[in-house]
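Novice: Residue strings, one per chain:
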Amino acid sequence: MNAPIKNKLLKGETGEWEIVIGMEVHAQVLSQSKLFSGASTQFGAEPNSQVSFIDAGFPGMLPVINAKCVEQAVRTGLGLKAKINLRSLFDRKNYFFPDLPQGYQISQYKDPIVGEGEVLIDLKDGETIQVGIERLHLEQDAGKSLHDQHPDNSFVDLNRSGIALMEIVTKPHMRTSEEAAAFLKKLRAIVRYLGTCDGNMDEGSMRADINVSVCRVGGYEEFRRTGSFKSLGTRCEIKNVNSMRFIAQAVEYEARRQIEVIEGGGTIAQETRRYDSKLGETRSMRSKEEAHDYRYFPDPDLLPLEFEQSWVDAIAKTLPELPDEKKARFVQGGLSSYDASVLVAERELADYYEELAKGVDAKAAANWLNNEILGRLNRDGLSITDVPVSAAANNSIIQMISDKTISGKIAKDLLDIVWTEGGDPRAVVELRGMKQVTDTGAIDAAIEAVIAANPDKVEEVKAKPKLAAWFVGQVMKQTGGKANPAAVNAALKIRLNLPDEG
Amino acid sequence: MSDLTAMTLAEARDAIRAKTISSRELTGAFVSAIEKARPLNAFITEAAENALLTADAADKRIASGQMGALEGLPLAIKDLFCTKGTRTTAASKILGNFMPPYESTVTQNLWDAGAVMLGKTNLDEFAMGSSNETSAFGNVINPWRAKNSNVNLVPGGSSGGSAAAVAADLCLAATGTDTGGSIRQPAAVTGRVGLKPTYGRCSRFGIVAFASSLDQAGPMTKTVKDAAIMLKSMASVDAKDSTSVDMEVPDYEKLLDGGIKGLRVGIPREYRMDGAPAEIDALWSKGAEWLKAQGAEIVDVSLPHTKYALPTYYIVAPAEASANLARYDGVRFGYRAEGVRDITDLYEKSRGEGFGAEVQRRILIGTYVLSAGYYDAYYSRAQKLRTLIKRDFEQAFELCDVLLTPTTPGPAFGVGAKTSDPLEMYLQDVFTVTVNLAGLPGISVPAGLSENGLPLGLQVIGKAFDEATMLRAARAVEMAADFKHSPARWWSV
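Chains as they are written, first to last, in our numbering: chain A, 16 to 517; chain B, 10 to 502.
Hints listed in this document are in silico derivations from the structure and should not be mistaken for laboratory results.
Don't take each hint at face value.
[As the list claims (entries may be wrong)] Mimicking DSBU-like on lysine-lysine, the simulated pairs with C-alpha atoms at most 35 Å apart in a straight line are:
| hint | chain 1 | residue 1 | chain 2 | residue 2 |
| --- | --- | --- | --- | --- |
| 1 | B | K249 | A | K108 |
| 2 | B | K358 | A | K83 |
| 3 | A | K108 | B | K301 |
| 4 | A | K427 | A | K497 |
| 5 | A | K125 | B | K393 |
| 6 | A | K303 | B | K393 |
| 7 | A | K108 | B | K358 |
| 8 | B | K28 | B | K493 |
| 9 | B | K249 | A | K125 |
| 10 | A | K332 | B | K249 |
| 11 | A | K108 | B | K472 |
| 12 | B | K472 | B | K316 |
| 13 | B | K316 | A | K108 |
| 14 | B | K295 | A | K108 |
| 15 | A | K159 | B | K102 |
| 16 | B | K393 | A | K186 |
| 17 | B | K399 | B | K427 |
| 18 | A | K125 | B | K399 |
| 19 | A | K98 | B | K399 |
| 20 | B | K358 | A | K254 |
| 21 | A | K108 | B | K93 |
| 22 | A | K159 | B | K358 |
| 23 | A | K108 | B | K102 |
| 24 | A | K98 | B | K249 |
| 25 | B | K393 | A | K245 |
| 26 | A | K96 | A | K378 |
| 27 | B | K93 | A | K83 |
| 28 | B | K249 | B | K270 |
| 29 | A | K419 | A | K481 |
| 30 | B | K301 | A | K83 |
| 31 | B | K249 | A | K159 |
| 32 | A | K125 | B | K472 |
| 33 | A | K303 | B | K358 |
| 34 | A | K159 | B | K399 |
| 35 | B | K393 | A | K98 |
| 36 | B | K301 | B | K316 |
| 37 | A | K450 | A | K508 |
| 38 | A | K293 | A | K254 |
| 39 | A | K125 | B | K427 |
Can you make the complete structure from the sequences, with help from the hints?
Specialist: This is the structure we're talking about:
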C-alpha cells in the first residue's frame, strides 16, 4: 500500500514525482432543524425565510445544541469506524464576513466529537486502499452572499446560516486523482447509507477542499514510515470543489503546476487556491501570510458536549449494513470485487440488485443489471430510483432465461416492451407467444426449410463446419427467434452430420 | 404612607395585597418621581404610558384575586435586557434604535409575576465600566453627595442607572447585570443592596452579552428582603440558555430570618490590601463583629490567588467580549455608517463610530489576547488562573459557610475623577471580580457611611447555589448596620 507504484507517478522534466492528497469534506447533516436553532433546513426556500434570531446573530441570542445533529455526527463516526469522543468542545472561530452574522462560526477545534477512523476505497484495477480519517467535527454553516441581485449592493441570504455541517478530515493517504475521486464517492456512499447526509453535491450538501502536494519518489513512503510531514512537499489547498469530475481535474492540474514550479527552480508557497472549472486551472486565493488568525477559543455559551458510551452503543445497533459489508456479502454470493463495489456505491442500486438477484444466479443478475437495465437508464437519462421496470419483474425475466422459457435475445426484446409499455413479463411472454421453441418437430421443419432454400450452403458447411453458425441464425430467423438455440444446434449437428467440436 | 416611592418592595407588595394602595397609584407616583429626577439621567428610556397601562391590568387582576408574586409592582430594567417592543440600547450608539422582537427570560419572568416596567435604565456602554461614564447616553449622577458638597459623584457601574434609580426612589427595585461587580459596586456606592446570583441561576437569554462566562443578572433593591423576593422571580432554568442550571429555586424570603447562630464566616486575609482606606478596613472589622455578636463564628481564611484576579478578569472578559461584539457590524441591525466604499470600510466606520472608547479598548485587548502567538501567554494562562481562583474558594468553603469582604475600595468618586486612567478605574472591581471568575453568588449590603458621609457596602459571598445562606448572613449585616440613610432629594426642586 505504501510503496511507490509506477502508475501513480507523474513524469516531470527532471524525473518522476509522487502526488500526495488529503481532503477536508464538508457534509451537511441531515436534520429537520439547524445545529443551534429551531429554524428549518429545507433546501430551496425563499431567501431569509428560514432564519431564527439566533441564526441572524441578534443581541442576547444564545445557541442551544440540537441533539439530532449530535446523533448524526456520532452515527457518521461509527460508519467511518472512528473513535467517538464522549467529551468534545465547541469553539468560536472568529472572522468578519457579511454572511457570518455572529462574527464567528461555532466549530470544534481542539476537541472534535469524532477522532481517527478509516475508509476503504476500491480502484478499477482491483486494488483496495485504506484512507485514514483524522477527525470529524460539527460546525455551523455560514449564509450566502448574493452579488448579482443589485448593481451596487450585495445581498445576504441567511437560510443556510447555522445549518449543521460535519467537517471530515482525511490523512494525506491518497496518491492519484482517481483515488481522491474514489474516496469522495465512497464517503458519499457511506453517509447516504447512514442517512446522515444526502450527499447532494449540486445543492452544496457535500463540498470538498483538497490538499495537494508533490514529492520525489520515496518521500511518501518515508512519511508513512516516520509520520514526518517533512518528507512531503508543501501543500496547497484547493477550496470548495463540488463535483467528482472537477476533483480529478483539479488534482491533476495542481500537481502538474507544482512540479513545473519546482522544476523551474521555484518553491511552492503554502496557500489556498480556487479551481476554475471553465479554465480548468487552479488560481491563488490567499497566501499563508494572508490567512486569517481565527482566534479560536471555547464558546462560553455552550457546555462541553458530553454523552455516555451506552448512548453510542445504542446508535451503533441501529446502523444499516454499510457498503463494505454489503460488498463482502455480494462477493461471497459470487460477484467479482469490482462488480460488487460498483453495485454498493449507491444504496438504491444495491437494494435493487438484491431484489433482482433473489433466487437467480448472482453473476447473471449483475450482468443483466449492468448491461440491460443501467444501459437503458443511461440512454433515457434516468437514475435507478426512476427505473420503469421493477426489480421483481426483471427477476422473472432472468428466471425465464435460466429455465429456458425464453432466449437471451428474446429477453432483451421483452425488457424493451415492458420498459415502454409496462406489464407483467410472464404475461407478455404468454400473450405474444415469445416462449422459446424446444419442440424438435418445429425446429426440424425450420431446418428443412433452410436446407431446401440453400443447397449451396449445405455443401459449404461440410468443408467449413464453422458455417454451422449461419444455419443456426437462419433457423432462429425462421422461428422468429423463439427456437431454443441449444436445441437448434443439436438438431443441425445431426442433420448436417457435423463433428462434435467446431 | 405619604410618600409611596419611599416604600420597600415588600411593603408595597403587602400594601397592594391589602388593597390599601393600587398599582395605578404606586406606578403614578414613580412616573412623576422619574420625571422630576431627569437631572440624574438614570433612565435611557422612560415607559410611563405603558407602565400605567400595565398597572391598570395588574389592578384588574388584583381585583379578581389573581395575583402574581410581584403583582403591580413597578420596577426599572437595566437597558441591557432585551424588552419586546421597547428600544434596547446597551447604552451604545451602535445599537441605534434597536427594537427587540423578543423578551429576555429574566424580564419575562418578572412580567409573568405581574411586575410593571417603568423604563430602561442607563449603564456603562455594553456594561463595560465602573462609573456609568462610558454610556453613549451621558453619565448618570449619583443621588448621593458628600457632606457639605454639591459636587456630582458617579453612581458606580455598570448598573449605575439602576443603582441611582433605586437610591433616589425612582422604582421599588431594579434589575442589573454583574460581570465583574456591575451590580454590587454601584449598589455599594449608592447605599443599596445588590445581589449577583450564582452563574447559571438566572437565564442569560435576551441579555445583551458582554462576557458570556461571567455575565449574570441580579436584583438591585432597597433591602435584603427585597433582593430575596426579586431573585425568586428572576431565577429559572431556561431551555434557551444552555448554561442556566436546573436547581430548585427556594423561597428565599421565607428562609431569610433563620438567624446565623453557628454560621462560619470566613475573612479572606488577602482582601486586606496595602493602601486601602482605613475606613474600609474598619467597616469590614465592624461587620465581622456584628456577625460574631449574632452567634456566627469568624474564621480566618486564605484566597491565595486573589492578586491575579483582576489581570485574569481583564483578559477573560475582553476576550469573550471581542467575539460577542463582533455581531455589531452594521450589516443587519443597529448603526450603519454612511458613505462607505466597501464591506471593510462599512465594518471599520460603523464600528469605529458606533462603539465608544472603552468598548473599543476592550475589543482590542480581547482580540490581542486571543491572537496567534499571544493566546498561550494570555488567554490560556488566564484560564488556568481562573481554575486556581475557583479552587481557592472551594478550599475556603471547607472552613466556612460564607465570606465577608468589603465591596469596593472606597466610596463614590467625582465625575471624571478616574476617566483618564483606565487601570485605576479597573481597581474598583478588585473585591468583586473574584466572585464572577468563580461563578459564585455575592451580595453587597449598605453598612455605613464614609467620613465624608457617603455610603459604603460590605459583601457577603456564598457557596454556589447557596444564595439562601448568603441572604441570611446579608440580612444579619443589614440588621446590625441599621443603615437608614437616604440621599437628600437635591434634584427635585
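Novice: For each hint, tell me whether it holds in the structure or not.
Specialist: Now the hints, each set against the structure:
1. B:K249 with A:K108: Cα-Cα ~22 Å, so holds.
2. B:K358 with A:K83: 41 Å, violated
3. A:K108 with B:K301: Answer violated: K108 (chain A) to K301 (chain B) is near 52 Å, above 35 Å.
4. A:K427 with A:K497: 13 Å, holds
5. A:K125 with B:K393: It holds: about 17 Å lies between the C-alpha atoms, which stays within 35 Å.
6. A:K303 with B:K393: 31 Å, holds
7. A:K108 with B:K358: 23 Å, holds
8. B:K28 with B:K493: Since the Cα atoms of K28 (chain B) and K493 (chain B) sit roughly 27 Å apart, the hinted pair holds (cutoff 35 Å).
9. B:K249 with A:K125: 26 Å, holds
10. A:K332 with B:K249: 32 Å, holds
11. A:K108 with B:K472: 34 Å, holds
12. B:K472 with B:K316: 21 Å, holds
13. B:K316 with A:K108: Holds, at about 31 Å.
14. B:K295 with A:K108: Status violated; Cα separation ~50 Å.
15. A:K159 with B:K102: 28 Å, holds
16. B:K393 with A:K186: Holds, because 32 Å separates the two Cα atoms, which is no more than 35 Å.
17. B:K399 with B:K427: Holds - the C-alpha atoms of K427 (chain B) and K399 (chain B) are around 30 Å apart, at most 35 Å.
18. A:K125 with B:K399: 24 Å, holds
19. A:K98 with B:K399: 33 Å, holds
20. B:K358 with A:K254: 31 Å, holds
21. A:K108 with B:K93: 30 Å, holds
22. A:K159 with B:K358: 23 Å, holds
23. A:K108 with B:K102: 26 Å, holds
24. A:K98 with B:K249: 31 Å, holds
25. B:K393 with A:K245: This hinted pair holds, its Cα atoms lying about 34 Å apart.
26. A:K96 with A:K378: 30 Å, holds
27. B:K93 with A:K83: 31 Å, holds
28. B:K249 with B:K270: Distance of about 40 Å is beyond 35 Å: violated.
29. A:K419 with A:K481: 25 Å, holds
30. B:K301 with A:K83: 55 Å, violated
31. B:K249 with A:K159: Judged against 35 Å, a Cα distance of about 26 Å means the pair holds.
32. A:K125 with B:K472: This hinted pair holds, its Cα atoms lying about 32 Å apart.
33. A:K303 with B:K358: Given pair K303 (chain A), K358 (chain B) holds - Cα atoms ~27 Å apart, limit 35 Å.
34. A:K159 with B:K399: 43 Å, violated
35. B:K393 with A:K98: Answer holds: K393 (chain B) to K98 (chain A) is near 28 Å, not above 35 Å.
36. B:K301 with B:K316: Holds, because 28 Å separates the two Cα atoms, which is no more than 35 Å.
37. A:K450 with A:K508: 23 Å, holds
38. A:K293 with A:K254: With a Cα-Cα distance of about 15 Å, the restraint between K293 (chain A) and K254 (chain A) holds, given a limit of 35 Å.
39. A:K125 with B:K427: Since the Cα atoms of K125 (chain A) and K427 (chain B) sit roughly 41 Å apart, the hinted pair is violated (cutoff 35 Å).
Of the numbered hints given earlier, the model fails hints 2, 3, 14, 28, 30, 34, 39; all others are met.
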